[in-house]
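Engineer: Chains as they are written, first to last, in this note's numbering: chain A, 1 to 503; chain B, 1001 to 1548.
Just so you know, not all the hints are guaranteed correct.
What the hints assert, rightly or not - Which residues of chain A face chain B? A partial, calculated answer using Cβ under 8 Å:
#1 M48
#2 F52
#3 Y163
#4 V164
#5 Y201
#6 N418
#7 V427
#8 V433
#9 K448
#10 Y451
#11 F452
#12 L481
#13 I486
For the record, the hints were derived by calculation from the structure and aren't laboratory data. All C-beta atoms, glycine included, are put in the ideal place defined by N, C-alpha and C.
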Amino acid sequence: MIAPAPEPELVIVPSDLPSVPLMQPLTESLNIAAPELVLALGAMTLLMIGVFRGSRSFVGLSWGAVIIYAIAGFALINDAPRALAFDGLYVADDFSRFLKVLIFTAAAACTITAIPYLRRARSDKFEYPVIIMLGALGMGMMVSAADLLSLYVGLELQSLAAYVLAAFRRDETRSSEAGLKYFVLGALASGILLYGISLVYGFTGTTTFVILAPLLAGEPGVGLTVGLVFILAGLAFKISAVPFHMWTPDVYQGAPTPVSMFFASAPKAAAMGLLVRVTMDAFGGVADQWQQIIAFAAVASMILGAVGAIGQTSIKRLLAYSSINNIGFALIGLAAATPEGVAGVLFYMAVYLAMTIGAFLVVLALRGSDGRARDDMAALAGLSRTRPGLALAMAIFMFSLAGIPPLLGFWPKFSVFNAAIEAEMYVLAVIGVVTSVVGAFYYLRIVKLAYFDEPEAEILPQESTVNGSVMAAAAIFCSPLGMLAIGPLVGAAERAALAMMIF
Amino acid sequence: MTFPILSVMILLPLVTGALMLVMPGSEDSRANTARWLALGTTLVELILGIVLWLNFDIGSSAFQFQENVPLFAPYFSWALGIDGISLVLIALSVFLMPICILASWEAIRTRVPEYMAAFLLMEALMIGVFAATDLFLFYVMFEGGLIPMYLIIGIWGGANRIYASYKFFLYTLLGSVLMLLAMMYMVAEAGTTDIPTLMAYDFAEGAQTWLWLAFFASFAVKMPMWPVHTWLPDAHVQAPTAGSVILAGVLLKMGGYGFIRFSLPMFPDASVDLVWLVWGLSMVAVVYTSLVALAQADMKKLIAYSSVAHMAFVTVGLFGFNAQALEGSIVVMLSHGLVSGALFLCVGVVYDRLHTREIDQYGGVASVMPRYALFFMLFTMASVGLPGTSGFVGEFLVMLGAFQASTWAVFIICTGIILGAAYMLYLYRRVAFGEITNSAVSTMRDLTMREYLCLVPIAVAVLWMGVVPNVFIDPVRAPVADIVARLDAAGAPQQQVAVAASTDRHPELVSGSPAERSEASMEAAILPEILKRVQDNGVAVPAAGEAP
């Protein structure tokens, strides 16, 4: 639980906080924010190359993007456990580093595995890797935001990239529809978020977390609570937590499959990180105010995600509900509001990313005999006969998403439930495990289709060795062998979670 | 460093199972290699199991062959170790596995490597369940077993296999997730995941009730106890023969093992408080499922319902809270593992020939398959509990022990034995005797060599356990005594009637006060000795004064 907070002081000016120097020289700030700068410069370079060389350069640019992600990843290596930059707008700590590793990896995977699909759809425009990189830049900003405004800027950068990506297949109605739907609802959520930020600013006079956090230590006013609720609503939209989930199934189904894969992975981790940062860091002193909201969102997401998926016939829609369901589980860790809970959330996101990218890669590999991509459940029928490797990978991802030990997907659920039990939130934990059984039902349905049913249609073999090997790597990670990664992964997540525990 | 025999026993089937999935070759050659590889692996496991038994220090209640590698820190570690109870159940598992592989030799023709790999995975997980001394490692093994069984039922099962596989999976999953939460609470409370430490840890009495109920939710489903038994008949009927054997033979024992390992020693107060629940459900189960079994038209379903009734004996015995009852329960579990497994094999034998399990389709089998009829009769009698077979020893010990806790309960449980005799003999009569009404029956050939290899070892074991039960009871005595001591400390109810045999020596015990209980139950320990003499020598019960 949160330690008892110190008495609130009525007026705090930045100079009263000697422990956190807010003003830094620009060079130091640039050094701290190096990963984002690498991505920003990289995206611009790729854009220039693309503009001058046209879409011929699509494949080259995609691989170039992977190299830039790798460089940005190296730029993450930093000795300081927590460093503020740009006058307290940006923070680089273990928490943001952990999430950025996930985001960059997911973004790189989504960039290169999209190549065959986009080529076949004649959408192999050079903008794709560039836009994903801009989105990754926004996500990096999100998880490193130490101010409500830099948070907003990061979120908008990511969202704008996402709107374009959703409509990336301009010639297809469903894709355009998904883009428009996502934009309208996303803009509304941004407005709600911004309104919440303005309320918080109005009632406290600051947007910087460092100053905000001590101000909130006491009994918050109604205005502030309302502001907090609006902020949470805006963020809940981004992680597609119930009741702000409505866009998810439509957008996932309508968007091109690699884009859906991207939506389900990196932005989820970034938005989750952002939510943790806002709640635990900025609003950590009023945990009792938001814990119940998060707990409600967790329960509602778990139930709706589990029940909603049962009747689906499109695998992409099913995976959309699965992502709602999984976000609900991850939120249990946040609802506990303890270091163990936050570590659980981070661990959850790390494993969830691998599972969801893997599952989408299997969907990407499903092509009927005419070469067209299929995303209906019937395409999976008898997959274990026609394509045993693909079926095995899918079974691993599904059992893992369902949280059946000894697959790795069990352990993140374990860690968030453990955090809930330690925080004595027994009812939440019981609802969680029961919905996980309901959820297991629809994951089993996919296994049943692939293993118990007779093959109906021919499925062409995997066309890209890159996609195949990324999928195989994800499958091995999610398999029982992945349990050997529990130690290092949880250790890193725990260190990252401690960065959140400034109270 | 000593030879990590338990790790080897768990990892060997996993490695060969994985090999089978990736080995190259044509479908036929892969199938053949997979069969021999699976048989070889399970035989090696059997040999390792025998080595384990021979090197086991019988008479000690401590965990032996301990291994501990903190491989999955911070959550749990690869901690293995066995006591006598684990030993006998591991022995049962490794004994049944080669028989399962043999039973599937010809019956399974599609996707053989996958099938054999699923069975080997199953074997690894079963041994893991019984050998784990880490709470979460136990859970992983316990729950992991769902996946191969789900696939075995779903891929190689009968017509309605998909419904059965779902029901099996979701029922058992729902039970075990609640147990998981209870485990998390226990670890948060006690600060360790080590099972031996937790077995000696005293949880607060209020918490015990909730923890007990959460564990009960899991084990009662797995056991299965009435009214959550309904997944079992479906799973049994749809599973392939070997799947039924392993399901009845070993998987059901995990529930009983869970009660012995967790519920009784870890939550003794709650076990004593909630005994009415277990006994009530068990009494209903014995009578109700026996009656249901009487009305079945499907052989496998009948045996499945008889399993539920036999498992109710186990739960009654486990909650009898004394040495005889607990030891009896373990013997019932072992005996039921062998007997019901053998009965499913017997059903499989005729099913392979006639492709129906309808009892009405048979009749007069004894006249065309006399050798088969002999084996079938032996296992039928063992299931009924005829003296000289394993079934008698367990059921008798359970009733003897349970009698000290409640006369009435034993009275009702006894009807189960009578009804059991009724439905088993009725089954046997309809299948083996009478006129041949179905002309296809007259063309059935008698047992093949492979089927002998399946049935003879089980028949030997059943008779061995019936004649010299102490071989199988000795390893469990010490751990059971520890559990009984913990239950006695929690105030387990015991009547003094049982020691009436020695009242001429200790008349003061007839109306024993609670303080004299432990002494009284020590006196009660002479009864198994009497029983032993009966079985060993075939003589009448000696007078009480002669008891040692």
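Engineer: Name the hints, by number, that the structure is in violation of.
Structural biologist: 1, 2, 3, 4, 5, 7 and 12
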